[in-house]
Every structure is written in structure tokens, then in C-alpha cells.
Amino acid sequence: MDLPFIKEAISQLFSKPSTAMYPAVPSEAAENYRGRIVFHPDKCINCMMCERVCSGNAISHTVEKTDEGDKVTRTFYLGSCTFCATCMDFCGHGAIEFTRDYHMIATKEEDLMVSGTFIKKPPVRKAPPAKPAAPAASAKEPAAVTCETIAAEEGKAAAPAAMIAPRDDGKPVQVPARCVYCTLCAKKCPAGALTVDRAAKTWTLDEDLCVGCGTCAEACTKKAILMPGDEPVANVPAPKPAPKAAPAAAPAAPAPKAEEKPAEEPKAEEKPVEAPKAEEKPAEALQPRDDGKPVQDPSKCVYCTICAKKCPAGALTVDRAAKTWTLDEDLCVGCGTCAESCPKKAILI
Amino acid sequence: MFKKLIEESTGKSPWLFHINAGSCNGCDIELVAVLTPRYDAERLGFKLAGSPRQADIVVVTGPITAQSLPRVLRTIEQVPEPRCIVTMGSCPQSGNVFRGSYSICGPLSKYVHVDVDVAGCTPKPEAVIDGLALATKILQQKRREMK
Amino acid sequence: MITLNYIASFFLIVLGLYCIVVKYDLVKTVIGLSVMDYGVNLLIITIGYHPGGTAPIFTAGEINPASVFVDPIPQALTLTSIVIGACVTAMSLSLVIKLREMYGTLDTREIRRLRG
Amino acid sequence: MSFLSYQHFPIFTIMLYFLGAFLIVVFGKAKALRHAVAFLCTAGPLALLISLIGRVMVHGEIISYWMGNRTPVGDYAIGIALEVDALSLFFGLLVATAVFVACLYSFRYMERDHNVPQYYTLYLMLAGGVMGLVLSGDLFNMFIMVEILTFAAVALTAFRNKVTGALEAAFKYLVVGSIGSTCILAGTIILYAQARTLNLAQLAAVIPGNFGVSTKLAFALLFIGFCTKAFIVPFHPLAADAHGAAPASVSVLISGVLTKSGIYGIIRLVFFLFQTMNLGTMQFWLVFLGSVSMFVCVTMALAQHDFKRLLAFHSISQIGYVLTAVGLATGLGISAGLYHAMNHTLFKGLLFLAAGAVLHETGTTDLGKLGGLAKKMPHTAALFLIGAASISGIPPFNGFASKWLIYQATYQKAAETGNIGFALVTVIALVTSTLTLASFVKVTQSVFFGQMPEECKNAKEVPFGMRFAMGILALLCILTGLFPGLVTRYLTEPAAKAAFAAGNYINAMMGQGYAERIMGAAAPGAPAVSFASSGVWSPLSWLLLLMIALLAICVVALSGKYDKVSVRSSKEVEKKYQLFYGGETQSFSQVGGGDLFWGFKHNWRHYFSFMHDLHSGIVNDYSLWAVVALALAIVYALIVL
Amino acid sequence: MLLVLNALKYLAYILIFPGFLFSFLVGMLLTGIDRKIVARMQKRVGPPILQPFYDFFKLLGKETIVPDAANRRVFLLAPLVGLAGITVLQLFIPVFHFHVFDNVADVIVILYLLLIPALAEILGAAASGSPYAGVGLSREMVTILAVELPLLLVLLAVAKTVGSAMGRGLVFSLSTIVGYQELHGSLITKLSMIPAAVAFLLIIPGETGSHPFDTAEAETEICEGMMAEYSGAPLGVYKLTHAMKIFTVVSLFVALFLGGIGAGIQNLVAAIGLSGAFAGALSLLLQILVLVLLSIVLTIVCISFVHAITARLRIEQVFKYYWTIVTCFALVSLVMAWYGL
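Protein chains in written order, with our numbering: chain U, 17 to 365; chain W, 4 to 150; chain B, 1156 to 1271; chain V, 1069 to 1709; chain G, 31 to 371.
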């Protein structure tokens, strides 16, 4: 029966106790302690990112339509908050701040509610928002109509090869000429703000849902969406040799500045497109098709079915056993994903 | 004279009874940390009691899981009369990150009148001491109102 | 000659005890008991013996210093002891019958529900 | 001498019992008549003996009664004598009270049994046998009475032969018991061979001087015979089995009365017939046997699961106390021993009656299956608590008074003789007392408190007759505990003096001057016996102080509304008044019986398992122990005496 | 008139001085100091000294719940009987020179009277019917069993030493023991008594059920053991009984082994040259003060210190500890006392 701690017990008896006399002596929390939340309503743009990322979903807001804009009151319920400060990180505008005040004692629920209200003014536009009439007229064309005919119609309606400039309120804008309506951007958009109708060739943006995160611009293979900070682009199909990027009418109003932007881009694009074609020609003397649809080079193709998988429209069916590569003309939109994804570069577009 | 003495000493020797209703033990260690030499709640008279019959303040931690609900309510019911119920951390108050899960029976205030809530996902020991001090005042108030 | 009786009674007593202790059968135990009892009875009788004494029955006239009687008291004691021996045997046999009925065996090693 | 003078009282007491036995056989059918005869034939002897107290105890007179008025001729005893001196009267009183109270109890207790008349006949035979043994002045007469009481006891043990183990217990008791009585018979005869007389007084005058080889053998045989009757250590399993199976009122007699008759036999043997009490080795032998039986039986009792078997083991350990105290052969020793014998009859009777009440109501005495009976049987529980408190020696009750005297006696003996062995005996005595307390706490918790299992739900209070009997015993327990001074002065000290004064016993019986003439100088006259005890204890003033303190505290508590507790009324929330089960709903879980005192049993587990195997329950083993004990006694007697 | 005066005097003895109030205050004081010292040994500030008073009065204010399964009358009466038992026991222990009821109980009786509060607690626990209380009850009984043997050996050794020294064979009455010590110096100075004193010191935590040996009311394992179902005033009374028991056992040690100090005080007062009633009162006051101080020191040494540095033992370890180590100390002293060392 050994008795440890005898020495410590006796020595501690005569030394000062190590108790922090809390109520008498106030004690300060650590330097970046995440205590009570302070909300700066003025900075908030009601982008609702914080609400999405809050694990304890402690943040809620109410919107009230008033004449000079919608009055938003956002409340942080500390009783359900895990103080992980993810909302602070996600808040692009520093509207949420965690103070070092750990003293969160409440007898009523209300004491734990931190809230702030602000008026959200609609975005200031340079020109009156002349919304081009949605191309309601472009009723459903029979499948056989090729991209040019549509482009031609659109072209008549739109200004001849006008420049497309990015918007100033952080939302994406579409370059109708380049867009192939592959609905990739709609799928990628986290907020579900974009609806793209391939048949009706319509690209609509829901301004309220859109948070301007730019995911759609990155996802777009055709670079048909501009985000604030990109250069204005001419509303002309990507400088593919003649058949590329059937232009489609975009609801967005092409700003006059967009003129010179597309000029440089096509040049940049041409070069890469040029190079691959150059290689093919001498080996097989296989001609890419003129209507912008992909064509397969049987000699190089290994029937790995990657192109069929990648094709957003599901137009390709490749049978490894029978070594067949069939393209469905109607479904194919000529987006070129199969060409890009083909490891053997057996597809020409 | 006697009644005043009882009232005053009710404020000076509150005994705690800790119920863990499915907590992640973050608050549990924090509550016990309050009794360690660093914060020493015993100097204010707090003492962990072994059974609910000897408790004045019931400290509930954890998001009241479905399994623990009937047991928590029965134990709280078995605490003699002038008693306070303190919920520690966000879980008992709102279910915190577990809210909406099939096995969480929601905030404690749905079932029992909660006197004091110490917010913070693992509130600091100082906050716990403040909460308990507030609960002791409420306890004294309740003792004053008793017959 | 009289010492032969003493030896016999001692032998009977020891035999009775041996039988009780060693034999694992109820009836044998009862037999052992009665054998031991007979040993003691023999002892009582031999103690009362007086060489040449006659039966202690006499009329007033026959008493004279020379007449030699056997000591009557041990005989009386033997009578009671025999009666008691008989009662002991009777009772133990009745118990043995009930035990056989209840426990279904006569082996003392099985009849041990009360132990520890 | 007129017919009703006090001289005839001894024979009346014995005859009343046997007369009652006979009458019940004749008129036994009608219940009322049977009860009346039984009541009269047990109350009568008690009254007669009480009337003798003044004469025998206070004035020290010795009553001798010659059967058929055949007084001794010359200096030779012819007839059979009854002799009542202080010692015999003391034991007689014990027997009479126990028999009377147990008879009252059995009126209502035996109602449910069949052939009850036979029960009363055997019961009164047993009582008569013991009374005869205690009062008789003739050695062979004592043997006859021993046989009668053994028979009656065996028959009564097997009375309820449906009870498991009744027949088995009766048979074992009969076998080893008759070995014992045969030894007594042989011993008596060998003494007769030497002294040609059976009268105790004459033997006491002739024997002490000259010990032949056969006399030593006779001593050993008689000693073992009486030890069998008193259930001392080698023979204690008999008592355990017998009590376990016998009806409660019979257990009162077996433990309260039979064991005392054994002790009485040993005292007569050692202090009168052979007068070897002052021999150091004899004292060592008795004290050794006493303390071994004290310790072994209490540890065995702690390991029991059956209520009555536990009480049986306790009664043998209390007999161990009595034997130890008597073995000291000091004035204080014998007085303490006799005092404890009396107390033992009282509180052990009470406990057995309580056990009977529990059996009567719930049908089982298994500690594991009982619980929470205090709510259903409050009176029995209260009376049981008084009995339990007195047996475990809690101050105000009688158990403490006598045990405290025994500690004084043993420790004083140790101081006088300077040998530390006796101090060790005091230590064993006290540890045994605490173990008794432990086992009675176990019984209280597993039978009367804790939670009530399903089977005991319909238990209700026992009929008044049984409670009245228990009440008498409880009252006696408290009275003898509160007035130790009175008890020692009027009862135990005269008996102790009588135990030493063999001389006047002989003179009273055989005529004055007989002892001096025969024994010469060695005649033990009135002894210079000191009853001074170095301790200080006045229970009355302690109780007075306790009552005052309790009164003051209760007044303060009641004024502070101590009893305004919150108890569940119909509308209250039910959960609040359930036991705290760590939050679970209150389910039945009784902590009692085997699962108490794990700490103690764990430390002594080897001892307990060895003891458990030793008590194998086989008749042959018990007889083997009896024979071995006989052999040892013979060897001891031949060497030492 | 004299009778009334006498009755009042005795009533005062019972309720005020050596009786209830005195041991109530000192008992609570000792518990307060004990908790404070234990805290300070753990580098904590620890509760205020008057904390036990606050606990007691708070408990008086709490509601008393009597569970259905409990046996109501015994459940409520047991604490009061325990309290009365310990109050009366305190009367018999002399304060050095001053002893009131010296011819009522001697040392062995005190050994048994110490059982009454413990049995009251056991009865209360049994009456509450809770399984936790059942387990606590069985542990408490084993603790009593464990402590009884060495305590008896110590008392026998003391009785033998004083008895042989005074030539009267044995002395059991406490006042004679204290009287003897005042003439021949405290018993602790004698060689044969030192192991007995050490044994008694080791017994004190066991007897009072304080920390390393409080398996009976282990709040962590069996939820306050025997007190599992008690709340409000009965619980307060039990806590009070515990506190008073500490004071009683400690003052028993002082009376048995440190009796000589009383004589020191006497000649100190005589040295000052006072005389008559005033001197008597002053010496009584001094004796009380010295007794309280001694008990504080003893409580610190053998209860608080042991509480701070040891962990709770299992019940069979408690039993083995007492029946081997402490019993050896006591046996050594008994043997030495026996052979006249």
C-alpha cells in the first residue's frame, strides 16, 4: 500500500492555491477566442452563403418587400451555434465577427438571438435594363435545321457581331454566339440559378438565386459565360473555322464595348485548333465534317468508350466488342467534348 | 430568523447533479473542469451529488437523444423541490448540429422549464460558473417562494 | 470368568459404533445402534453380579448375614434400558421407512439435502 | 407436612407436564379442551416454580423430595430423590417460561397442521422430560429423562414430514442422540459400579476423593453424553438440521431448553459429581470447546441462506458463550454464563417465533425469496428487531448485559491467571458478537426490509395469539436487559453460589454433617466467590439520557415540520416517488440473502468452502465426529484427571 | 426546588455543554476544517470553514421525499435515533478533568455505543428499500466488522496497562483512566501504548467512514450508497451525526491517550495564582479549548491528510487492511502491555 503524493500534499498545503478567483478577478478569454457573434448589417449583401455553410443552421433571415428595396433581417441563434466561425470565413464582406465575450448565459431564448436588419437596394444599372425580348419567337425548329440557319435568324435580331461585356453586379453574362446550350453550366451552378433549355436554345439566369460564384463560367467549355473582370467579347461564334459554335440568341443585352474583345480571342483559339488538324491531314487525309459534328478516325480509335461517356448530350454509342462508333446527328450539339476527351485524338471536330 | 438562515444557506451550498443526455462529452469534461483546482467551484459551495435526491441544480448536457429522454425526465422528476435545471452548451438548448435527426428529441425546454442556459459549444468554465451562480440565485428565489 | 462378560460388552459396544460409522446403509445403522445398546445392557448386568449370589427374592425369615444375594438394582436398570433400546429401534425403523418412501433410497450418502 | 406445602412442588411440576400429556391423548379431539389442558399444564409448573424463588433463591434453602418417602437409611440413599437448589430452580424457571410461551404460540401456529393432539402430547412429554432432568437428584433418573426428551424432540422434528429434510434431520438426531445417551448410561453404570449408589449427593460425596481408571472413563462418557445433548461443536450439525425442519415452537424448545439441559448436565458433572472445576486443564478444555463452537457456528451462520438454519447456528454459538463463561469457574464467570443462558432462551425463543410467523405467512424461510415484509407485518418486524438487537448485544437490551459480563469475566480471568489465552477468548467473544450483529443485519435486510417479491404480496399480520407470545418474550428481553443488577442478585448469583457449594447440597440431601463426615476437609462449603466486575454499566440511566436526548430532538424536529414529508397522494406524479435506479423505471431488485457482505466472505473464502464441505450432511460423518470426540475425551480424562 | 435545579443542570449537560450543542458546533467545525485542508492540499481554495453549517441548514429547507417502496416510519425515525445515540455517547467522554456521567458507561460499553449511529444508518438504508442502499448497507456492516477487532484490542491493552499500573487488575471506566493519566502522565508516553495509539489513529478514518474507507457511501459507484434515497431534513440529520461522530472518536482518542494534558492545565492555572471558583472556570475553559485544538490537529492528521493522498479502497481491501496491519499494531501493544513492559 504505497502512499504517493505525500510530499506534494504537504508542500501544497503551505503554498498558494492555484485557483483563479473568477467572479472577483475577471478573466479574459484567449486572443482569437470565438465567443459571442457581432453582426454588421451594413456590410451584408444577403448572399446567404453563411446560412448555407452553418453546420448548426443557426442563421436565418426574413425578407420584407418595401418600396426602396427588400428589408432583410438576419438573426444568429447562439443557442444552436457551434462557434466554428465557418460563416465568418465564407462571408466575403466581413459582416460576421466573433468577439471574445464568452459570457453567454441566458434565462430566456431571446437573449441568445443576435440579429441585424438592412435594406438591400437593387443593383444600380448603367443603362435602363432594356431586356431584349426573349427569343420567344424561336419556336422549336425541326431537328434538321443546322446551327447556321438558327444563327442567321438570331444574327438578324441581334446587333451585327456586337461585343458582350461582363456585368458589374457580379452576375455571369452569356456570350450567345459561343454558347452551345450543353446545359453544363446549369448542372454545375450550386445555387441552381441557371436554366438552359437545349431544345429551345434558351439560357436564363435567376438573378435572386445567383450568387455570382463563377462556377458556371469555369465549367463552360466554350468560354461562353463572362464574369466580372473578364474582357468584353464579341458576340460572334468562337473563331472555329466556319462551322464552330453556332451562335444563339442570348437574352443578355450585348454591350457595345464587346466589339473588339472577341477579335483577339478567336485568334487565340484558332491556333490550337489549327495545330491538331494539321497533324491529321497528312496521315489519313480524313476531312473533318463541315457541319461542326465530330468524325471518328477508325485507325486511331481504340473504342475505349470515353467519348461516349463524356458526351454531355449522350449522342455517341460505342460498342467495344463490335468495334462500332455511331453518332446520333440530332442529339449531337458539336460541343467537342468527345474530341477533347479522346486520349488517342481519334475524333476530329 | 430560521427561515432567513435557511434561505441564505440555500444560496451558499447548491449541490449539482449532472445528467449526460447523449452529449459528446465536451461539456461534461468542462463541467468537471469547473471543480478542478484551477476554477474550484467548491469555494462557492458547489459539490457533485451522487443521487438526484440530494441535488439542487440539475445540469443537463447533450441533445436529449430518444433513448435518454424518458430517463432524463424521470431523474429530473426525482429531484426534491427547490430545484433548478441548467442546460449546458447548445445541444440541450436546440439540438445544435444534430437537430432534425430522427434520434433527437429536440430541445429540453420542450419538456421541462429550463431555468438557465449556458450557451457555447463547450462553454468556458468561467461561463459555467456564472451560469451556476445565476442558477443559485434563482434557487434562492424559489426557496423564498416555497411555503 | 466374569471379566469375559466385560470384554464381551466392550466388544459389542465397539462393534456397534463401528457399524454405525462405516456402513452407508440406514438399516445397518439402526442395527449398529441396537448392538451398541445390547453391549451396555450386558455391562449393566455383569456389574450387578455377585459370586454365588442367588436371586434377591426372600421372605422375612430368610435374611441372615450369610445369605448372599445378587445386586437387584442393575437388573432394574437393565429392564428400563432394554425398553428404551426397543423404543429407539422402533422409532428409527419407522423413520427409515418414511425416509425410504421420501428419498427413494437407503444409502446415507444420498440422504443429505440439509448440509453446509 | 400438608399435601400442598412447598415440599411437593418439584414433583407437582414434573407430574403436571406428564399428566397434561396423558389428558390430551384422552380428550385431545376437542380444540378448546385441548388448549385449556395445554394452557393449564404449562402455566401451572411456571407458577409453582416462581413461588419457590423466594424460598430457594433468597434464603438459599434446598428442597429435597424423596419419592415414596424412602429417606436415606444410615448414610446410604435408597430411594430416588428430587433436589431443587438454586441452580436447578434457575434452569427450571428457564424451561418453564420457554415452554409456557411456546405453548401459547403454538395454539394458533399449529392450526393448519393435521393430527395436532399428538403434537401437544409430544410437546408436553418433551417439557416434562427436561423439567425432570433439571430437578432430579438421581443420576439414572437423569438418564431416563434425557431419553424421554430425546424421543420427544426427534418425534417433533419429524412432525411435519413433508418439509424437506425433516425426516433426515430427525434420523440424524436420533442416531447421534442415542449414541450420546448410551454413553451417559454407560457412564452412570460405571459410577454405580464404584459407589454402589445412584444418588447425586452420595456420589458427589464419594467420587471426588478417589478417581479410579473406570471413574475417569465414566467422566469422559458422561461428558460426551451431555455435550451431545448441548450440541457443542462436534455435534452441532444435528441442531442445525433439527431446527431447520422442526415447527417454530419446537425449535424454541430445542434451542432454548434442550441445549440448556445439556449445559446443566455438564455443570452438575463438573461442579458436583467430580468437582474438577478448579483444574487448569479442565477450565482450558471447557473454554476451548466453548470458543471453538462460538466462532465456528457464527461463521457458518453468516453463510446460511435459510432463516431458521441461520438461527440454529446462532443458538449453538450462544451456547458456546455460555460454556466459555461457565468453563472459567470463577464466580463472575458462572453468573455471567447463567445470565447469558437465560437471555439466550428469551431472545432466541423470540427470534424463532418470528421465523415461525414469517413461515406461517409466506410459506418459505429462504432469505433469497423474502423481502420487504415490514410493511405487511409491522408488529412481527418490530418484535424481531428487539430480538435481533438483543442477540447482537445492542446496549439497552439483555444480550448486551450478559455479553458485557462475559467479557469482564474472561478478561479478569486472564488478568488473574496472567495467561494471555483468556484475553484471546475475550477477543473471539467480541468478534463473534459483531459477526452475530452482521448476520442479523443480513436477516433484517433480506426478510423485513428491501423490496417485496411477488410471492410475499399476500402476507398479512399474524394472529394476535402468536404476537402476544412474542410480546411476552420481547418484554422479558427488555426487562432483563434494563435491570441487570436485579437479575444477578436474585437469580444468577445464588445459582452460581449453589454451583460451588456442593457441600450444602449433599447435607441437604443426606442429612446434616454427612458431607464433612465423608469427605473430610475437602467438603466445598459456601465459596468465597467474588462477583465484583471491574466495569461500569447502568443501563437505566443510559436509557434515561437517551430518552431525554431523543425527546428533545423529536420536539425540535416536529416543530420544524420534520414529518410534513411529501408522500405520494393519488394526484402526484408517480415517477417522483419511484426509487432512483439511475433513471430506469423501478424494477424489482432485492439486495438480500447471499449477496451481502461480499468483502468479508471474499477474504475468508477458503475457510468458508472448507467449512461447507465439512458439514457434509451424511449420518456416518456426524457419528464419526461423535466417536472421535468420545475417544479424545477418554484420552483426556485418563491423562489429566 | 433542589430537584428542579438539579434537573435543569442535567438537562443543560445533555443539551448544551458536553451534549448536543457543543458537539454540534465542534463537529461541524471539524468537518469544515477537514474539507478546507483537503482542498488546500489539492492546491484549491476550498469551501469556507462554515460550509457544513450552510449544507445542514440548506438541507433543512429542502423537501423530504419518501419513496413508495420505503417503510415510512422507520425511514424517518432512524436518523433521529442515530443522532440521539451519538449525543448521549458524547456525554460519557470526559473533557480531561471535567466528566459528568462517569459511572454510566465504561470503555467496552462505549465501543458498543459507537455502533448505534452506524446501525441507525443501516436501518434507515434498509428501510428505504433501494438496491443502492442495500449494497451500501452490506459494505457499512463489513466496515464495522473490520474496525471492531483492532478497536477492541486497543481498548483491552489500555485497560490492562492502567489496571496493572494501578494494581487493580483491570480498569475499564474511562474516568479512572483519565485520572490515572493525570497522575502518571499521558498514556502515550508509555512504551507499550505507542503501537496502540498508532492503531487508534489508523482506526479513526475507518470508524468515521471518511475518505479512503467510505466505500459504504461511495457517491461515484453506488450513488451515495446508504443515503441514496434520503433528501432534505433526514439527510441533514445523518450528515450531522457523521460530523459529531468524528468529534466523538477524536475526543475518545484524546481521553484515552492524551489525558495527562489536563494535569498540565491544572498546574498552569495554579501557577497563575488564581484560586477558588474563578480558577476552576478558567481551567475548564482552557481544557475545552485545548480539547478542540487537539481534535482539530488530530482531524487534520488522520482524516484530512489521509483523504488527500489516498484513493477509495474496495471493500475487501478495507477489511484485509484492518484485520492485518492495524490488528498487528494493536496485538503488539496488547502483548507488550500484558507482559508488563
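Do not rely on the hints blindly, as some may be mistaken.
[Said to hold, decoys possible] Using 30 Å as the maximum straight-line C-alpha spacing, the simulated DSSO-like pairs for lysine-lysine come out as follows:
#  : chain 1 : residue 1 : chain 2 : residue 2
1  : U       : Lys-339   : U       : Lys-361
2  : B       : Lys-1253  : V       : Lys-1643
3  : W       : Lys-140   : V       : Lys-1230
4  : U       : Lys-59    : U       : Lys-87
5  : W       : Lys-6     : V       : Lys-1230
6  : V       : Lys-1230  : U       : Lys-124
7  : U       : Lys-59    : U       : Lys-32
8  : W       : Lys-145   : V       : Lys-1644
9  : V       : Lys-1230  : W       : Lys-113
10 : U       : Lys-204   : U       : Lys-23
11 : V       : Lys-1632  : W       : Lys-15
12 : U       : Lys-239   : U       : Lys-326
Calculated from the structure, these hints are not laboratory results.
### Query
Can you name, in rising order, the numbers of the hints this structure does not satisfy?
2, 3, 5, 6, 7, 9, 10
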